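S.K.: Sequence:
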Amino acid sequence: MNHLKTFFTNSTKTAGRITNGIYILLRIIVVIMLVDQVWNQHWGNTMLLLLTLILFEIPYFLEKILKIQIPNMLEIILLSFIFSSTVLGELSDFYGYFSMWDTFLHAFSGFLAGGVGFSLVYLLNKNTKTMNLTPLLLAVVSFCFSMTVGVMWEFVEFSADKLLQFDMQKDTIIQQINSVELSKDGNTVYHVPDITRTIIESQNADGKTDKTIIQNGYLDVGIMDTMKDLFVNFIGAVVFSVFGYLYSRNDYQKFTFIKNFIPADCKIKLDN
Numbered sequence: 001m002n003h004l005k006t007f008f009t010n011s012t013k014t015a016g017r018i019t020n021g022i023y024i025l026l027r028i029i030v031v032i033m034l035v036d037q038v039w040n041q042h043w044g045n046t047m048l049l050l051l052t053l054i055l056f057e058i059p060y061f062l063e064k065i066l067k068i069q070i071p072n073m074l075e076i077i078l079l080s081f082i083f084s085s086t087v088l089g090e091l092s093d094f095y096g097y098f099s100m101w102d103t104f105l106h107a108f109s110g111f112l113a114g115g116v117g118f119s120l121v122y123l124l125n126k127n128t129k130t131m132n133l134t135p136l137l138l139a140v141v142s143f144c145f146s147m148t149v150g151v152m153w154e155f156v157e158f159s160a161d162k163l164l165q166f167d168m169q170k171d172t173i174i175q176q177i178n179s180v181e182l183s184k185d186g187n188t189v190y191h192v193p194d195i196t197r198t199i200i201e202s203q204n205a206d207g208k209t210d211k212t213i214i215q216n217g218y219l220d221v222g223i224m225d226t227m228k229d230l231f232v233n234f235i236g237a238v239v240f241s242v243f244g245y246l247y248s249r250n251d252y253q254k255f256t257f258i259k260n261f262i263p264a265d266c267k268i269k270l271d272n
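Each residue of the sequence shown is one higher than the last, beginning at 1 in full-length UniProt numbering.
Hints in this document: simulated from the structure, not taken from any laboratory.
Each hint should be verified, as a subset may be incorrect.
[What the hints assert, rightly or not] Cβ-Cβ distance ranges computed for the label pairs, FRET-style:
id, residue 1, residue 2, range
1, Leu230, Leu133, 26 to 34 Å
2, Asp220, Met47, 23 to 31 Å
3, Asp36, Leu136, 49 to 57 Å
4, Thr209, Gln175, 24 to 32 Å
5, Phe104, Phe155, 17 to 25 Å
These numbers were taken from a predicted model, which means no experiment stands behind them.
For each residue, glycine too, the CB sits at the ideal point set by N, CA and C.
All chains, please: the whole structure from these sequences, using the hints.
M.R.: Okay, structure coming up:
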């Protein structure tokens with residue numbers, strides 16, 4: 001019983017009552033959904049829910065391993081982001097119901113990753129007695145780290161689609177193709193404009209030919225979604241980098257809302 005209680009209530013040592021309540025609520029929801037998916041033998045969804053429970057432990061392990069204190073606001077945002085991405089986005093199909101859901105999450109993840117990058121400079125140099133970290137350096141590191149995280153996540157989506165047959169890189173209906181592959185004249189671009197319908201022929205298990213008709217254009221299988229995600233991640237990274245730059249340039253006395261996104265032991269000269 002104690003192990004069960006620990007599982008549902010485990011959080012970071014610095015988590016407040018509201019944060020602990022959110023931990024418990026989200027874990028209960030995920031466990032209920034997990035039991036349902038196992039009962040119905042939906043193993044792909046089961047793995048995603050197990051991954052969600054593991055991801056909920058990230059703040060705890062970050063504090064323990066890196067010896068830092070994660071602000072309650074950042075902790076709540078991280079938990080909500082994980083839940084919104086996996087449970088709401090993938091399992092509840094919010095990506096399908098709300099066209100901007102994926103865009104918002106990627107933009108916000110770019111912002112959050114920028115905060116991690118802002119802190120990373122100090123974490124990697126915490127044993128250094130003297131540091132001369134300029135505001136511009138902090139901004140550049142924040143931006144580069146955020147974009148790297150965004151690119152790595154797209155690798156995860158691509159790998160999940162290829163290896164596990166997921167559809168994390170969402171499809172887009174497009175009306176024009178520009179391709180060298182379709183050209184008959186060698187290395188020249190062949191244009192197919194104003195596409196109104198695409199017919200895909202495939203062979204089923206019985207050896208018969210199936211036809212899938214895509215109306216109003218051609219099905220782009222991921223590249224548009226990937227580039228859109230990277231672009232909104234870029235916007236989020238730029239926004240945090242700018243505010244991080246202004247925050248550090250003003251000796252951490254202005255734009256103080258940034259402190260909500262920076263682990264306590266990673267704040268540089270914040271006590272000034």
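S.K.: Quick check: which numbered hints come out false for this structure?
M.R.: The structure conflicts with no hint, since it agrees with every one listed earlier.
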